[in-house]
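Chemist: So you can see what is in the structure, the chains are spelled out below.
There are 2 protein chains.
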Amino acid sequence: MLNRVRSAVAHLVSSGGAPPSRPKSPDLPNATSAPPAAPPQAPRSPPARAGSGGAAPARTVEARASFSRPTFLQLSPGGLRRADDHAGRAVQSPPDTGRRLPWSTGYAEVINAGKSRHNEDQACCEVVYVEGRRSVSGAPREPSRGQKEVTHESLVVGAIENAFQLMDGQMARERRGQQVEGGCCALVVVYLLGKVYVANAGDSRAIIVRNGEVIPMSREFTPETERQRLQLLGFLKPELLGGEFTHLEFPRRVQPKELGQRMLYRDQNMTGWAYKKIELEDLRFPLVCGEGKKARVMATIGVTRGLGDHNLRVCSSTLPIKPFLSCFPEVRVYDLTQYEHCPDDVLVLGTDGLWDVTSDCEVAATVDRVLSAYEPNDPSRYTALAQALVLGARGTPRDRGWRLPNNKLGSGDDISVFVIPLGGPGSYS
Amino acid sequence: MLNRVRSAVAHLVSSGGAPPSRPKSPDLPNATSAPPAAPPQAPRSPPARAGSGGAAPARTVEARASFSRPTFLQLSPGGLRRADDHAGRAVQSPPDTGRRLPWSTGYAEVINAGKSRHNEDQACCEVVYVEGRRSVSGAPREPSRGQKEVTHESLVVGAIENAFQLMDGQMARERRGQQVEGGCCALVVVYLLGKVYVANAGDSRAIIVRNGEVIPMSREFTPETERQRLQLLGFLKPELLGGEFTHLEFPRRVQPKELGQRMLYRDQNMTGWAYKKIELEDLRFPLVCGEGKKARVMATIGVTRGLGDHNLRVCSSTLPIKPFLSCFPEVRVYDLTQYEHCPDDVLVLGTDGLWDVTSDCEVAATVDRVLSAYEPNDPSRYTALAQALVLGARGTPRDRGWRLPNNKLGSGDDISVFVIPLGGPGSYS
Numbered sequence: 001m002l003n004r005v006r007s008a009v010a011h012l013v014s015s016g017g018a019p020p021s022r023p024k025s026p027d028l029p030n031a032t033s034a035p036p037a038a039p040p041q042a043p044r045s046p047p048a049r050a051g052s053g054g055a056a057p058a059r060t061v062e063a064r065a066s067f068s069r070p071t072f073l074q075l076s077p078g079g080l081r082r083a084d085d086h087a088g089r090a091v092q093s094p095p096d097t098g099r100r101l102p103w104s105t106g107y108a109e110v111i112n113a114g115k116s117r118h119n120e121d122q123a124c125c126e127v128v129y130v131e132g133r134r135s136v137s138g139a140p141r142e143p144s145r146g147q148k149e150v151t152h153e154s155l156v157v158g159a160i161e162n163a164f165q166l167m168d169g170q171m172a173r174e175r176r177g178q179q180v181e182g183g184c185c186a187l188v189v190v191y192l193l194g195k196v197y198v199a200n201a202g203d204s205r206a207i208i209v210r211n212g213e214v215i216p217m218s219r220e221f222t223p224e225t226e227r228q229r230l231q232l233l234g235f236l237k238p239e240l241l242g243g244e245f246t247h248l249e250f251p252r253r254v255q256p257k258e259l260g261q262r263m264l265y266r267d268q269n270m271t272g273w274a275y276k277k278i279e280l281e282d283l284r285f286p287l288v289c290g291e292g293k294k295a296r297v298m299a300t301i302g303v304t305r306g307l308g309d310h311n312l313r314v315c316s317s318t319l320p321i322k323p324f325l326s327c328f329p330e331v332r333v334y335d336l337t338q339y340e341h342c343p344d345d346v347l348v349l350g351t352d353g354l355w356d357v358t359s360d361c362e363v364a365a366t367v368d369r370v371l372s373a374y375e376p377n378d379p380s381r382y383t384a385l386a387q388a389l390v391l392g393a394r395g396t397p398r399d400r401g402w403r404l405p406n407n408k409l410g411s412g413d414d415i416s417v418f419v420i421p422l423g424g425p426g427s428y429s
Numbered sequence: 001m002l003n004r005v006r007s008a009v010a011h012l013v014s015s016g017g018a019p020p021s022r023p024k025s026p027d028l029p030n031a032t033s034a035p036p037a038a039p040p041q042a043p044r045s046p047p048a049r050a051g052s053g054g055a056a057p058a059r060t061v062e063a064r065a066s067f068s069r070p071t072f073l074q075l076s077p078g079g080l081r082r083a084d085d086h087a088g089r090a091v092q093s094p095p096d097t098g099r100r101l102p103w104s105t106g107y108a109e110v111i112n113a114g115k116s117r118h119n120e121d122q123a124c125c126e127v128v129y130v131e132g133r134r135s136v137s138g139a140p141r142e143p144s145r146g147q148k149e150v151t152h153e154s155l156v157v158g159a160i161e162n163a164f165q166l167m168d169g170q171m172a173r174e175r176r177g178q179q180v181e182g183g184c185c186a187l188v189v190v191y192l193l194g195k196v197y198v199a200n201a202g203d204s205r206a207i208i209v210r211n212g213e214v215i216p217m218s219r220e221f222t223p224e225t226e227r228q229r230l231q232l233l234g235f236l237k238p239e240l241l242g243g244e245f246t247h248l249e250f251p252r253r254v255q256p257k258e259l260g261q262r263m264l265y266r267d268q269n270m271t272g273w274a275y276k277k278i279e280l281e282d283l284r285f286p287l288v289c290g291e292g293k294k295a296r297v298m299a300t301i302g303v304t305r306g307l308g309d310h311n312l313r314v315c316s317s318t319l320p321i322k323p324f325l326s327c328f329p330e331v332r333v334y335d336l337t338q339y340e341h342c343p344d345d346v347l348v349l350g351t352d353g354l355w356d357v358t359s360d361c362e363v364a365a366t367v368d369r370v371l372s373a374y375e376p377n378d379p380s381r382y383t384a385l386a387q388a389l390v391l392g393a394r395g396t397p398r399d400r401g402w403r404l405p406n407n408k409l410g411s412g413d414d415i416s417v418f419v420i421p422l423g424g425p426g427s428y429s
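In order, the protein sequences belong to chains R and A. Going by my numbering, the residue at position 263 of the first sequence is 263; the numbering climbs one at a time, nothing skipped. Going by my numbering, the residue at position 355 of the second sequence is 355; the numbering climbs one at a time, nothing skipped.
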């Protein structure tokens with residue numbers, strides 16, 4: 001995924017916003033611009049399927065899709081085995097002795113408590129140098145008469161959106177050619193020319209903690225937050241519902257005996273509830289059902305954005321899920337130059353394992369607690385913070401489970417956290 | 001339209017949020033709740049059509065659709081003629097001697113400078129009393145187990161959304177039965193149990209001016225603000241584009257000689273711009289074209305929400321516009337109990353004639369200037385404010401036109417303004 005985004009952004013930068021005569025390699029060494037990108041990616045667990053006895057494993061997996069951990073962790077074979085130990089769940093971070101991540105970015109991860117064999121989160125972080133054919137500046141070129149204005153920012157956003165779409169297409173081709181199945185969420189951060197671009201498709205989350213305050217940099221894509229998009233798709237393309245589902249939402253499942261009675265409903269255009277008379281097709285299973293963590297599209301998926309999963313079908317049915325599962329990210333832009341950041345201002349990226357048991361405010365409190373215990377110019381403070389966040393979500397082994405200090409269950413999921421300082425030592429300049 | 005909303009809300013209130021055994025008349029006299037509703041409605045001018053020599057007039061118009069002005073203006077036959085005079089453009093308000101509008105709401109209107117024979121804005125304002133079968137309170141009932149929570153607020157929003165949809169359906173039936181054509185925008189305000197509901201479909205606008213600050217209570221629906229919805233519809237239902245239009249957006253019209261070259265584009269999923277190779281179908285006319293006031297859907301309409309217009313077709317084509325023109329409003333809710341309002345806090349509703357030449361901030365400045373010239377408890381101050389806003393948008397006749405003090409052109413359109421005090425004399429209690 002990072003390759004796609006890197007390639008798209010590099011391509012864009014190298015062409016200066018104009019179409020180049022031929023694609024450029026993103027690996028050109030001559031530096032003119034340096035966008036670090038830090039994407040943790042959490043593969044979605046395949047949903048349990050009625051009648052198939054559990055998750056369907058990939059049939060054939062190529063060598064390049066075999067298990068690994070981020071290269072920047074510099075794990076030895078022994079270290080890789082320890083990182084893969086579900087009983088110990090040791091927190092992994094880049095070694096304190098080696099080269100730091102750009103901007104002294106902090107990172108920590110931990111494997112799940114046994115729900116899948118390997119850690120299915122993946123992360124990478126790179127500084128990309130590309131050769132610019134023209135000078136690239138933040139100022140957009142003057143649009144010609146009769147031509148819509150295209151800002152530099154909207155070109156970067158478009159390049160990232162395109163990268164997600166191309167990656168999804170690539171996964172569709174690999175599925176056909178090599179029988180590689182599955183899918184994943186993706187959260188990508190690109191820094192370019194003073195702006196941070198955060199692109200999210202799935203259930204990872206990014207927040208900025210600035211002066212103790214939380215600024216959301218992504219939003220969650222669930223059957224509830226995307227209800228109207230999903231209903232519209234089902235309404236305009238009823239063949240996608242296969243006569244099995246209704247695109248309408250009701251406060252509860254409609255019973256056959258209620259035929260002809262009036263009940264509250266919502267359609268793709270409505271935010272409120274109104275009454276309708278129950279007809280035969282309202283008895284079909286609802287396209288969007290359940291609430292909170294249990295909300296599902298077509299009784300199958302609980303996350304509505306992500307890459308891959310082209311083969312995913314409705315339980316006991318041949319209906320494809322994919323058109324409802326969209327690969328498009330929402331891209332939010334944060335202008336670093338609009339505010340003077342201090343060393344305690346950070347961008348925190350976490351996979352669902354973190355956010356399942358940790359609120360934004362709890363993260364902000366941990367940011368304050370951990371960073372205040374270190375000197376502002378100590379570059380190891382962001383790794384310490386990432387570790388504290390992962391430990392706080394994992395908990396400690398007690399009563400045959402992983403428990404938090406309040407005795408609630410910790411996250412048994414894989415957990416990965418990046419902490420990117422916005423005004424720390426070695427930050428952008 | 002008001003009848004529809006009144007009926008829907010009355011129905012809802014009378015049934016206490018539960019389905020009634022039989023529909024109730026909205027005209028029952030026993031008062032338990034009093035929702036005033038103040039909707040100015042601006043009929044959209046039919047767009048000029050190539051080849052038809054101008055706007056297509058309605059063929060047959062029933063007596064009940066004949067010209068009138070709001071009953072609360074209490075116009076005599078002579079007054080009606082003066083209100084209909086395009087040369088004088090006298091500002092009309094309810095007589096100072098008669099019964100005031102609820103809450104001492106202010107109102108003023110003026111006819112256009114000649115663009116259509118009559119004033120095509122319409123307004124009404126009513127207090128509705130309905131009999132409640134159960135006690136209605138702001139607190140939602142406890143949802144049953146397995147049943148989604150339905151708040152009282154979401155029931156009111158749904159009732160209003162439904163009212164717009166039913167009104168649109170009624171206009172479709174009247175078109176077929178009685179050859180009544182045309183369409184209009186609608187802006188509706190409902191007050192119920194401490195909350196103000198503002199529903200907008202079209203290019204009217206509502207703002208709250210509170211303590212001098214502007215709080216937008218509606219947003220504009222234009223081909224630009226609704227680009228992604230329109231593109232998605234064209235993408236999922238390509239038959240609506242009839243092979244004449246492309247759902248993709250380009251910064252400018254693509255030329256045949258550019259076939260095979262790369263150009264920036266945006267599709268229904270994108271907020272940024274990316275490159276694509278120009279193909280034959282990209283040479284079609286763009287679904288969304290133009291910018292600002294000149295933005296159009298299918299080269300025909302500049303407003304993308306409204307009622308009616310079921311017969312509207314693309315210039316020199318049989319393609320219908322209606323699926324792109326949606327009747328659904330956006331409903332915003334303002335809780336009056338969350339803030340202690342003073343007599344200078346007002347909700348201002350205006351048709352496009354006001355907003356074409358007046359910014360939100362200019363309205364806020366006029367609110368301050370006019371209201372400070374009256375005693376806080378003078379109930380005529382809101383009518384004076386409505387008149388000042390209409391006069392400020394109309395201007396004065398000079399240099400063969402209507403001109404503003406800065407010598408720019410005033411609005412030659414119909415202009416209607418309501419000013420609803422949120423903490424004034426006789427306000428809600």
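There could be a bad hint or two in this list.
Stated by the list, open to error - Computed from the model, here is a short list of chain A residues facing chain R with C-beta under 8 Å:
#: 1; residue: SER68
#: 2; residue: ARG69
#: 3; residue: LEU73
#: 4; residue: VAL157
#: 5; residue: ASN269
Derived by calculation from the structure, the hints in this document are not laboratory data. Ideal Cβ placement from N, Cα and C applies to all residues, glycine included.
Chemist: Evaluate each hint against the coordinates.
Modeler: Each hint, compared with the structure:
The interface hint given for SER68 of chain A is broken, as the beta carbon of that residue sits about 31 Å from the closest beta carbon of chain R, more than 8 Å. Checking ARG69 of chain A against chain R by beta carbon gives a least distance of about 32 Å; that is not within 8 Å, so the hint is violated. Taking 8 Å as the C-beta contact cut-off toward chain R, the hint placing LEU73 of chain A at the interface is violated, the least distance being around 33 Å. Residue-level restraint check for VAL157 of chain A holds (minimum Cβ-Cβ distance to chain R is 3 Å; threshold 8 Å).
Because the beta carbon of ASN269 of chain A sits about 4 Å from the nearest beta carbon in chain R, less than 8 Å, this interface hint is met.
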